[in-house]
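I would like the entire structure built from these sequences, with the hints used as guidance.
Listed below are the residues making up each chain.
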Amino acid sequence: MSIDAILLNATWVLPLLTVLLVVPVARSNPFAIKMIHAGSALLNVFISAFLTWKIYVLSMAQGIPAGNKPILNFVTDIPWMSMLNIRFITGADSLSILMVFLTSIVIFTGILATWKIEKQDKEFFALAQILGAGVFGVFVAYDLVTFFIFYELEALAMYLMIANWGTGRKDYAGKKLTLMLMLGSAAILVGILGLYYVGGIDSFDIRKLADIHLPMSFQMWAFPLTFIGFAISASLFPFHTWSPDGHSSAPTAVSMLAAGVMMKMGTYGCLRVSMYLMPEGAHFWMPWIVILVTFNILFAAFIAIRHRDLKYITAYSSIGHLGLIFLGFSALSFIGLKGGAMQMISHGFLTALFFSTIGMIYSRTHTRNIDEMGGIMKSAPFLGVGFVIAGFAGLGLPGLSGFVAEATIFIGAFQNDSTLMRIVTVLAILGVTTTAVYVLRAANTMLHGPITNHHFEHLPPATLPEKITVVLLVACLLGMGLFPGWISSMLDTSLTPIFVNLSR
Amino acid sequence: MSFPLILPDILLIVLGVLVLALDLARVRSSIVWNVSWIGVAAILGLLNLIPAGWDRSWFGGNWNLTNFGLLMREFFLVSALCVLFLSRGIFTRGEEGFAPLKYKAEFIASILFVTFGSITLVSSQDLLTLFVGLELATIPLYFLVAWNKRNPRGSEAATKYVLLGSTSTATMLFGISYLYGFAGSLRFHEIALAVSQDTSSPLLWIAVLFLISGIGFKLTLFPFHTWAPDVYDGAPTPVTAFLSVSSKATAISFLLVMLYGPLAAIHVQLQPLLMLLAAATMTIGNFGALKQVRLRRFMAWSSIAQAGYILAALTGPGDMAKSAVVFYLFTYAFSNYLVFFLISVVGGAKREQTFASLAGLTKQKPWLGAALAISLFSLAGIPPVAGFVGKFMLFASAAKGGHFAFLAFVGLNTVVGLYCYLQVIKAGWVDDADEETLAAQNNIVLSGVDKIAITVLTILVLVAGIAPWLGNNITAILQYGP
Numbered sequence: 001m002s003i004d005a006i007l008l009n010a011t012w013v014l015p016l017l018t019v020l021l022v023v024p025v026a027r028s029n030p031f032a033i034k035m036i037h038a039g040s041a042l043l044n045v046f047i048s049a050f051l052t053w054k055i056y057v058l059s060m061a062q063g064i065p066a067g068n069k070p071i072l073n074f075v076t077d078i079p080w081m082s083m084l085n086i087r088f089i090t091g092a093d094s095l096s097i098l099m100v101f102l103t104s105i106v107i108f109t110g111i112l113a114t115w116k117i118e119k120q121d122k123e124f125f126a127l128a129q130i131l132g133a134g135v136f137g138v139f140v141a142y143d144l145v146t147f148f149i150f151y152e153l154e155a156l157a158m159y160l161m162i163a164n165w166g167t168g169r170k171d172y173a174g175k176k177l178t179l180m181l182m183l184g185s186a187a188i189l190v191g192i193l194g195l196y197y198v199g200g201i202d203s204f205d206i207r208k209l210a211d212i213h214l215p216m217s218f219q220m221w222a223f224p225l226t227f228i229g230f231a232i233s234a235s236l237f238p239f240h241t242w243s244p245d246g247h248s249s250a251p252t253a254v255s256m257l258a259a260g261v262m263m264k265m266g267t268y269g270c271l272r273v274s275m276y277l278m279p280e281g282a283h284f285w286m287p288w289i290v291i292l293v294t295f296n297i298l299f300a301a302f303i304a305i306r307h308r309d310l311k312y313i314t315a316y317s318s319i320g321h322l323g324l325i326f327l328g329f330s331a332l333s334f335i336g337l338k339g340g341a342m343q344m345i346s347h348g349f350l351t352a353l354f355f356s357t358i359g360m361i362y363s364r365t366h367t368r369n370i371d372e373m374g375g376i377m378k379s380a381p382f383l384g385v386g387f388v389i390a391g392f393a394g395l396g397l398p399g400l401s402g403f404v405a406e407a408t409i410f411i412g413a414f415q416n417d418s419t420l421m422r423i424v425t426v427l428a429i430l431g432v433t434t435t436a437v438y439v440l441r442a443a444n445t446m447l448h449g450p451i452t453n454h455h456f457e458h459l460p461p462a463t464l465p466e467k468i469t470v471v472l473l474v475a476c477l478l479g480m481g482l483f484p485g486w487i488s489s490m491l492d493t494s495l496t497p498i499f500v501n502l503s504r
Numbered sequence: 505m506s507f508p509l510i511l512p513d514i515l516l517i518v519l520g521v522l523v524l525a526l527d528l529a530r531v532r533s534s535i536v537w538n539v540s541w542i543g544v545a546a547i548l549g550l551l552n553l554i555p556a557g558w559d560r561s562w563f564g565g566n567w568n569l570t571n572f573g574l575l576m577r578e579f580f581l582v583s584a585l586c587v588l589f590l591s592r593g594i595f596t597r598g599e600e601g602f603a604p605l606k607y608k609a610e611f612i613a614s615i616l617f618v619t620f621g622s623i624t625l626v627s628s629q630d631l632l633t634l635f636v637g638l639e640l641a642t643i644p645l646y647f648l649v650a651w652n653k654r655n656p657r658g659s660e661a662a663t664k665y666v667l668l669g670s671t672s673t674a675t676m677l678f679g680i681s682y683l684y685g686f687a688g689s690l691r692f693h694e695i696a697l698a699v700s701q702d703t704s705s706p707l708l709w710i711a712v713l714f715l716i717s718g719i720g721f722k723l724t725l726f727p728f729h730t731w732a733p734d735v736y737d738g739a740p741t742p743v744t745a746f747l748s749v750s751s752k753a754t755a756i757s758f759l760l761v762m763l764y765g766p767l768a769a770i771h772v773q774l775q776p777l778l779m780l781l782a783a784a785t786m787t788i789g790n791f792g793a794l795k796q797v798r799l800r801r802f803m804a805w806s807s808i809a810q811a812g813y814i815l816a817a818l819t820g821p822g823d824m825a826k827s828a829v830v831f832y833l834f835t836y837a838f839s840n841y842l843v844f845f846l847i848s849v850v851g852g853a854k855r856e857q858t859f860a861s862l863a864g865l866t867k868q869k870p871w872l873g874a875a876l877a878i879s880l881f882s883l884a885g886i887p888p889v890a891g892f893v894g895k896f897m898l899f900a901s902a903a904k905g906g907h908f909a910f911l912a913f914v915g916l917n918t919v920v921g922l923y924c925y926l927q928v929i930k931a932g933w934v935d936d937a938d939e940e941t942l943a944a945q946n947n948i949v950l951s952g953v954d955k956i957a958i959t960v961l962t963i964l965v966l967v968a969g970i971a972p973w974l975g976n977n978i979t980a981i982l983q984y985g986p
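Heads up: the protein sequence lines correspond to chains A and B, in order. First residue of the first sequence? That's 1 in this note's numbering, and the numbers climb one at a time after it. First residue of the second sequence? That's 505 in this note's numbering, and the numbers climb one at a time after it.
Since the hints were derived computationally from the structure, they do not count as laboratory data. There may be inaccurate statements among the hints.
As a list, the in silico DSSO-like pairs of lysine-lysine whose alpha-carbon atoms are at most 27 Å apart [said to hold, decoys possible]: (1) 867(B) x 122(A); (2) 116(A) x 930(B); (3) 869(B) x 122(A); (4) 116(A) x 867(B); (5) 122(A) x 955(B).
Structure representation (C-alpha cells):
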C-alpha cells in the first residue's frame with residue numbers, strides 16, 4: 001500500500017479513531033471534546049485537499065481514459081470475506097476525490113456549526129464522526145459490499161442523532177427517515193446480490209462488473225430496483241417525504257450532513273452502480289424516471305413558496321436541486337452527466353451554507369418562521385449575508401457554483417433530442433425561476449424591513465466558529481463558481497468510462 | 505486414534521454428571537458454577553484443537569463427526585457458556601421482584617444436558633439418534649422454563665410449553681414413522697436413496713409435512729409460533745435466552761440435516777413451501793413485535809422473525825446455506841445474549857422488564873445505552889455490526905437459489921423489523937424517565953461477571969461481522985465437505 005492509499009483510507013479511519021480517542025476525555029470538559037473532533041475534521045480537510053490536488057495533477061497527466069475502465073488511483077485491494085469473495089477495495093478517481101473533499105468540508109463546518117450543542121456532546125460528536133466515516137467510505141469504495149456497508153452506516157447514526165438532539169416531532173421524523181432509507185437499502189441489497197449471481201464472475205468488484213454485459217431480462221428489474229433504492233436517499237419524487245420532516249427536525253450538523261453529503265451518496269450510487277453497471281436498463285427506464293424528476297423540480301419549488309418555516313423551505317429547495325442532478329443524469333448525454341456531477345458538489349456546499357446559517361439564526365431568534373422575523377440584516381449582518389449568498393447560489397446566480405452546474409445540466413439535457421426530454425427541460429428551467437421567487441421572498445421578509453420584534457434588536461454577533469463556517473463555505477462556492485474549469489476537466493476523466501458504458 | 509475426536513462429547517456429559525455429584529456432596533454452589541463454566545470453556549478449547557476435514561463415525565455409524573457438526577458443537581458450547589454467565593444473576597439477585605432462585609446445580613446440569621442433546625442431533629446419521637437428540641434437547645427445557653415456581657407467568661408458560669411441545673413431538677414421531685415406512689430404513693443414506701428414486705410418493709410427502717410441522721414448533725415457524733411470547737415471558741431470563749438461541753439452533757440444524765441429507769432430492773420441490781413459511785413467519789414476527797411493552801415478550805416476537813430470516817437461507821443450495829446459517833447463528837447468538845444480559849441487568853432485582861424501565865438509560869449509564877443500540881442494530885441487520893453480515897450471507901444463500909422476488913419481500917420485512925428495534929432503542933435513548941425509573945437506574949450495580957460478559961459480547965457484536973476471522977474460518981472448515 002502506498003502512502004497515498006493509506007491517506008485515502010485515513011479519511012474514513014480518522015473519524016472512527018477520533019471517537020475512540022475522545023472516550024477517555026471527561027464529560028466535564030466539553031471544550032476539549034469539541035477541539036479534538038474539530039481538529040480531526042480539519043486534519044481530514046487537509047488530507048482530502050492534498051489528495052484532490054494530487055489526483056488533479058495525476059488526471060491531467062493521464063488524460064481521458066479510452067475505454068470503460070475508470071482510472072483508479074491509490075488502490076487498496078485486499079481479500080476480506082472469503083464466503084462470497086468479498087474484497088475490501090478502496091480507491092479514488094476524480095469524482096470520488098471531489099466528493100471526499102466536499103464531505104470533509106461539510107463535516108468540519110458541521111462540527112463548528114454545532115459548537116453550542118446543549119446536551120450529551122460526547123455522544124453527539126461521536127455519532128457525527130461515525131456518520132462521516134460512512135460517507136467517506138461510500139465515495140472511496142469500489143467493491144459493492146464494502147460500498148454497501150459504508151452506505152448503511154448512516155442508518156445507525158441518523159436515527160439516534162435526530163431523535164435525541166432534534167427539535168419538533170423528532171422521533172417521528174427520525175424513524176421516517178431511517179425506515180425509508182432502509183427501504184432503499186433493502187432494494188439495493190437485492191440488486192447487489194443479483195449483480196453477483198447473475199453477473200456470474202464471483203466478484204463484487206465494480207471495475208470487473210462494468211465489463212460484463214448483464215442480460216437484459218435482469219437489467220429490466222435490477223436497474224429500477226437499485227436506482228430507486230439509491231434515489232430514495234436522494235429524495236426522488238415520490239420518495240422524498242422523509243426529507244422535509246427529517247431536515248426540519250434534525251439538529252444543524254445533521255441537516256448539513258444529510259442534505260450536503262448523505263443525499264449525494266444516493267446520486268453517486270445511481271451513477272456509479274446503477275447506470276455504470278446496467279447501462280441498457282438505464283436506456284430503457286430513463287424516460288420513466290424523467291417524469292418523476294419533473295415532479296421533483298416543479299412541485300418542490302412550488303411547495304417551497306408556500307412554506308414559512310426556513311428549514312422546510314430549504315429542504316424543498318434541496319429536493320428541487322437533487323431533481324436537477326437527476327435531470328442531468330437522465331439526459332444520458334456526457335454534458336448532462338457532468339452537470340449532474342457538478343451539481344452534486346455545488347449543492348453540497350450551498351445547502352451546507354443554507355442549513356448552517358439557518359441554524360445560527362435559529363439559535364438567536366428561536367424561531368424559524370420567516371413571518372415572525374424581520375430586519376435580521378440590521379442586527380446580524382454577517383449571518384444575513386451568508387444566507388443571501390447561499391440563496392443566490394441556489395437560484396443559480398452567475399459567479400457562484402450553482403450557475404455553473406445548472407447551466408451545464410440544461411445544456412446536457414437539451415442535447416437529448418427526444419420530445420419528452422425537451423419538454424421536461426423547458427419545465428425544469430421554469431422550476432429554477434420559481435426558486436428565485438421563494439429564495440428572494442424569504443430573504444426579503446426575514447432580513448430586510450423594520451425589526452418586527454424587539455428581541456431581535458440586539459442579537460449576539462457571529463462567533464468565531466460560525467464565522468469560519470460561513471467564510472469557508474462561501475469560499476468554496478465562489479471558488480467553484482469562478483474557476484469551474486479545473487473541476488470540469490477533472491470530472492471528464494472519471495465520467496468518460498461511465499459514458500462509454502452508457503453508449504455501448 | 506479416532507477416540508480423542510469424541511472426547512469433547514463424552515466430557516460434556518461427564519461434566520453434567522459431575523455438577524450433580526458435586527451438589528450431592530454439598531459443595532458450595534459458587535464452586536459448582538465455576539467448575540461448570542471452566543469445564544465448558546475447556547471442552548470448547550478441546551473442540552478447537554480438532555482439525556477440520558474429519559468425517560468419522562462411531563457406534564456402528566450412529567454417531568458422526570462432520571465439519572458441520574464440528575462447527576455446531578462449538579456453537580452450542582458458546583451458547584451454553586453465555587447462558588451459564590447469564591444465569592448467575594437470577595441466583596444471586598433475582599429478577600422482576602422475585603427472590604433469587606434455588607437449585608443452581610440442577611439448573612446448570614439441565615443446561616448441559618440440553619447442549620448434549622443438541623450435539624447428539626448434529627452427530628446423528630439415522631432418524632432414531634436424531635429423535636433422541638431432539639428430545640434430549642427439549643425435555644430439560646420443560647422444567648427449566650418452570651424454574652421460578654413463584655411466578656404465575658412461569659407456571660402458565662411451562663404448562664403451555666409442555667402441552668404443545670409433546671404434541672409436536674408426537675407429530676414429529678408420526679412423520680418419522682411414515683418416513684420409515686416409505687424408505688424401509690432409518691439410515692439417512694438409505695432414505696436419501698429411496699427419496700431420490702421416488703420423489704412424488706404421497707407417503708413421503710405426508711412424512712415431510714409432519715416432520716416440518718413438528719420442527720416448526722421448536723423453530724417457532726408460523727403457524728406453530730403462538731406459544732413463544734407466553735413462554736418467553738414466563739421463563740427466567742437465561743432460559744428465555746437459551747430458548748431463543750440454542751433451542752432454535754437445534755431446530756435449524758435438524759432442518760439443515762434433513763433438507764440437505766435424506767431429503768436432498770425433493771429440496772427443489774420443497775422450496776416454495778419453505779419460502780411461504782419463511783415469509784409468513786418473519787411477517788408475523790415483525791408485526792407481532794410492533795405493539796409489545798414487555799421486553800422478553802418483544803424478544804419472543806423478534807426471535808420469531810429471526811427464525812423466518814434463517815429459514816429464508818434454506819431455500820438456497822446446501823454449501824452456501826450451511827455456511828450462511830452457521831455464520832448467522834454465531835452473530836445472532838452474540839447479539840441476542842447481549843440483549844438478554846442488558847434485560848437481565850436493567851430488569852434485575854426490583855425492576856420490571858419493560859420498555860419503560862429502559863427510559864433514560866443512555867443518560868445514566870451511557871455504556872449500557874451504547875451496548876443496547878449496538879445489539880439491537882445488529883438484530884435489525886444494520887452494518888457494520890455482526891448481524892448485518894450474517895443477514896447478508898443468509899440473503900445471499902436465497903439469492904443463490906435465484907429467489908429474487910422472495911428476497912425483495914424479505915427486504916421489506918427488514919424495514920418493519922428495524923421499526924420494532926428502533927422502538928426499543930428509542931426507549932433507551934430518547935424517552936425521558938420519571939424519577940422512580942431514574943433512581944432505579946442509578947441503583948444498577950453490575951457484577952464483575954456482568955461487566956466482562958457485556959464488554960466481550962459488545963466487542964464481538966461490533967467486530968465479528970467485519971473482522972474476517974469468524975466467517976472465513978467457517979468457510980474454510982466447510983470447504984472440506986458437509
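Now the hints, each set against the structure:
The straight-line distance between the Cα atoms of residue 867(B) and residue 122(A) is roughly 11 Å, inside the 27 Å bound, and the hint therefore holds. Distance check on the hinted pair: residue 116(A) and residue 930(B) sit about 24 Å apart at the alpha-carbon level, within 27 Å; holds. With a C-alpha separation of about 13 Å, the suggested pairing of residue 869(B) with residue 122(A) holds against the 27 Å cut-off. Between residue 116(A) and residue 867(B) the alpha-carbon distance is near 19 Å, which keeps this suggested pair within the 27 Å criterion.
Of the pairs offered as hints, the one joining residue 122(A) and residue 955(B) holds, with about 22 Å between alpha carbons and a cut-off of 27 Å not exceeded.
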